[in-house]
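Chemist: Protein sequences, first through last, are from chains A, B and C. Quick note: the first sequence uses the working numbering, first residue 1, plus one each step. Quick note: the second sequence uses the working numbering, first residue 1001, plus one each step. Quick note: the third sequence uses the working numbering, first residue 2001, plus one each step.
Be aware that a few hints might be false.
In silico SDA-like cross-links for lysine to any residue, where the CA-CA straight-line distance does not exceed 25 Å [said to hold, decoys possible]:
1. Lys2123/C / Glu2048/C
2. Lys2140/C / Gln1117/B
3. Lys2107/C / Tyr214/A
4. Lys379/A / Ser216/A
5. Lys305/A / Asp207/A
6. Lys298/A / Gly354/A
7. Lys2123/C / Asp47/A
8. Lys282/A / Ile251/A
9. Lys2146/C / Met323/A
10. Lys2146/C / Asn65/A
11. Lys2107/C / Leu258/A
12. Lys2070/C / Ala332/A
13. Lys2090/C / Glu355/A
Think of the hints as simulated: they come from the structure by calculation, not from any bench.
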Amino acid sequence: MSEERYIPRNDLNIETMQINLGPSHPTTHGIIQMDLQVAGEDIIEADVIIGYLHRGFEKMCEAHNWNQAVIYTDRLNYVSPLINNVGYHLAVEKLMDIEVPSRGQYVRMVLSEIMRICDHQTALAAAAMELGGFTPFLYLMKGRELWWELLERVVGARVTTSFTRIGGMVADLPDWFAAAAEDILLETANINREVHTLLTRNRIFIDRTRGVGYISPEDAISYGFTGPMLRSCGIEYDVRVAAPYLAYNDIDFEIPILTNCDVYDRFYIRLLEIDQSCRIIKQGLAKLPQGPVNHLDKNISLPPKSEVYGSIEGLMAHFKLLMNDNGVRPEAGEVYHAIEAANGELGYYLVSTGELCPHKCRVRPTCMPFTQALPQMIKQGMIADVVPCFGSINMIGGELDR
Amino acid sequence: MAVENPLGDAVITTKLDAFIGWARKWSMFPYPFVTACCGMEYMSASAARYDLDRFGAAWPRFTPRQADLLLVVGTINHKLSPVLKRVYDQMCDPRYVVAFGACTVSGGPYDNYAVVQGIDNIIPVDMYIPGCPPRPETVLDAVIKLQAKIQNSPQEM
Amino acid sequence: MSELLTIPLLQELFGETILESHAHRGDETVIIPPQSLEEVATRLQQDERLRFEFLMDLTAVDYLHLDRPKRFEVVYHFYSLTHNRRLRVKVRVDDGEPVPTLALLWKTADWFERETAEMYGIKFAGHPDPRPLLLYPEFKGYPLRKDYDQRASHPLVESRRKGESA
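So here's chain A without its partners, still in its complex pose (with noise of 0.2 Å):
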């Protein structure tokens, strides 16, 4: 924290005031709301109030068979889509014990970093609109929208993409996939180092986030952050490292880490995360190796939708997995699976007793530490303050409130 950084004291002995910010508010983007007690312009008590997004995630997910949860898991994290789906299939793979060819590690791979890209530029753009930066917003906003212009061409939605499967893919990336992604990435450079001459060096932007917003590394640990946010203040913790799934072993990357512990640097360290995303993006494209992307076993994955209209033993696949009593039913037992999601680790929880539907899936919300540190981290500032926190923290009320 800077030495000359304002530290409210309430020396005037002002009498405090409750105000409530939200649950519909400006820079809440995302339904959230804020209850502080403010003397003057300082905050000295806060409180946040969460679940206006509750949804019932388990209750659906627990009412539907294993294989439907996707669409529930694609509405978690709605700005990552499909780290949430590979995470959840992960999760049921390792329940099920079953692995995916390694073409199809690679697919999810890939995917799973365009998807980091594009949460980090929206959290970032959100949070520079915020702050008055209303040109990074639409230069961002281009980035992302190359990006899921490229995934709709493939997987025919723009957001909620539901692509993966118990097992494998929807289908197989396409020929042309790399060049078009080559395309992107290269444009993709090019808006990061926009965004850079925008933001990192811009007096206001610092003055804003630099010494904000600090949280102790012992702080966050307690609380339970992780990703870009623990990496911030300066502890080494990702899990496509620590414990590496899909692909991750084979990429050269590297793990940013910044030790500021405030609001610059969880912007800042989401900005080296593109471009680490970039790297590993255009690595698993060269690597792409050939083979399926499913895992062959019929009583596991599901079978091209060309099958199941072209051919009687591809709809007789289609209803053995889906329809009336048949499905997928995972021997009965526990797991918990994490994968380092846009905003840190995004664990699930499976409990399987050998039903067509999960006894229990819990997801880990990665937001949801964060969003219970926030009072600690507005409450030595100002309102002005209160918004870069809020816009650091990347929270996302799908996955919060679930």
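Take the given structure of chain A and dock chains B and C to it, following the hints.
Modeler: Then chains B and C, alone, in the frame of chain A:
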């Protein structure tokens, strides 16, 4: 027409209703009540690539008192429903409500204890946008349809 | 992943307290009685050989009609940054039986416990702030219990004024 028009094209005559409707439809001030996934597509629709500004509905007003178009973007659950009602009540007439996405139209995929099954249980809705989430083109289509609706309805003054 | 690292150590440290253990798909799991949860958790956090600094997740599972010793299991997932290991600790409780809170050891337990409490109706004894987290004051029932109807409809809350906020 027998009416003489000595000023040529410099003057047009129209009905007052049509004129006010024309003015209103090109100056909608949306209040984005953004809650969930649909917000991502709202961001896309309002950013440069799809550009909601072409229809006069670009600049969001974050106070319901200055807005006349309430965009309910995303799932509304029971905890949030009194907030939405209150925002709507604060808006001045004439006001229009757009239900943006499947959740606001019918509860969408969330048929359960937590989610309000369609925001028309809480407030009246002028335009429903289907999709989960709707594509930006769908949003633009809805805005155009809403403009036609505004143009063709009797105007209160 | 087949090699067990943490369970033997815990058995050596706590002996009879470890009621059961398993490592299904490599996830090391121990089950302990609720009254020794605080002691075990403190050791997990502070013992040099364990050092589980992170409480990654906390939830519960309802085993209604499934012939288990007790109805609920409260599930804790720990992660050790020092040793790069994970551990799952489970506590079995019946309806109405309290579980000691871990909110004083890990700040993150505060919200996780609030959520588990409102979703399953499990009491966390000594919790510093036992308000509902995701639901609202008018809400009746515990939605994630197995006997709770998924489609249960609730009356709309008309308005909420100052002082009534959730």
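Chemist: Each hint needs a verdict: does it hold in this structure or not?
Modeler: Verification of the supplied hints:
Our distance criterion of 25 Å between C-alpha atoms is broken by lysine 2123/C and glutamate 2048/C, whose separation comes to about 31 Å. Between lysine 2140/C and glutamine 1117/B the alpha-carbon distance is near 18 Å, which keeps this suggested pair within the 25 Å criterion. With a C-alpha separation of about 16 Å, the suggested pair lysine 2107/C and tyrosine 214/A falls inside the 25 Å cut-off, and the hint holds. With a C-alpha separation of about 14 Å, the suggested pairing of lysine 379/A with serine 216/A holds against the 25 Å cut-off.
Of the supplied pair hints, the one linking lysine 305/A and aspartate 207/A is violated, its CA atoms being roughly 54 Å apart against a limit of 25 Å. For the hint pairing lysine 298/A with glycine 354/A, the CA-to-CA distance comes to about 19 Å; that is within 25 Å, so the pair holds. With a C-alpha separation of about 22 Å, the suggested pair lysine 2123/C and aspartate 47/A falls inside the 25 Å cut-off, and the hint holds. Taking the CA atoms of lysine 282/A and isoleucine 251/A, the gap is near 10 Å; set against the 25 Å cutoff, the hint holds.
In summary, the hint linking lysine 2146/C to methionine 323/A is supported, as the alpha carbons are separated by about 24 Å, within the 25 Å threshold. The hinted pair formed by lysine 2146/C and asparagine 65/A meets the criterion: a straight-line CA distance of about 16 Å does not exceed 25 Å. Restraint check for lysine 2107/C and leucine 258/A: satisfied, since their Cα atoms lie roughly 23 Å apart, inside the 25 Å limit. Taken as a hint, the lysine 2070/C and alanine 332/A pair is honoured in the structure, with Cα atoms around 18 Å apart against an allowance of 25 Å.
Distance hint between lysine 2090/C and glutamate 355/A is fulfilled; the C-alpha atoms sit about 22 Å from each other, no more than 25 Å.
Of the numbered hints stated above, those contradicted by the structure are hints 1, 5, listed in ascending order.
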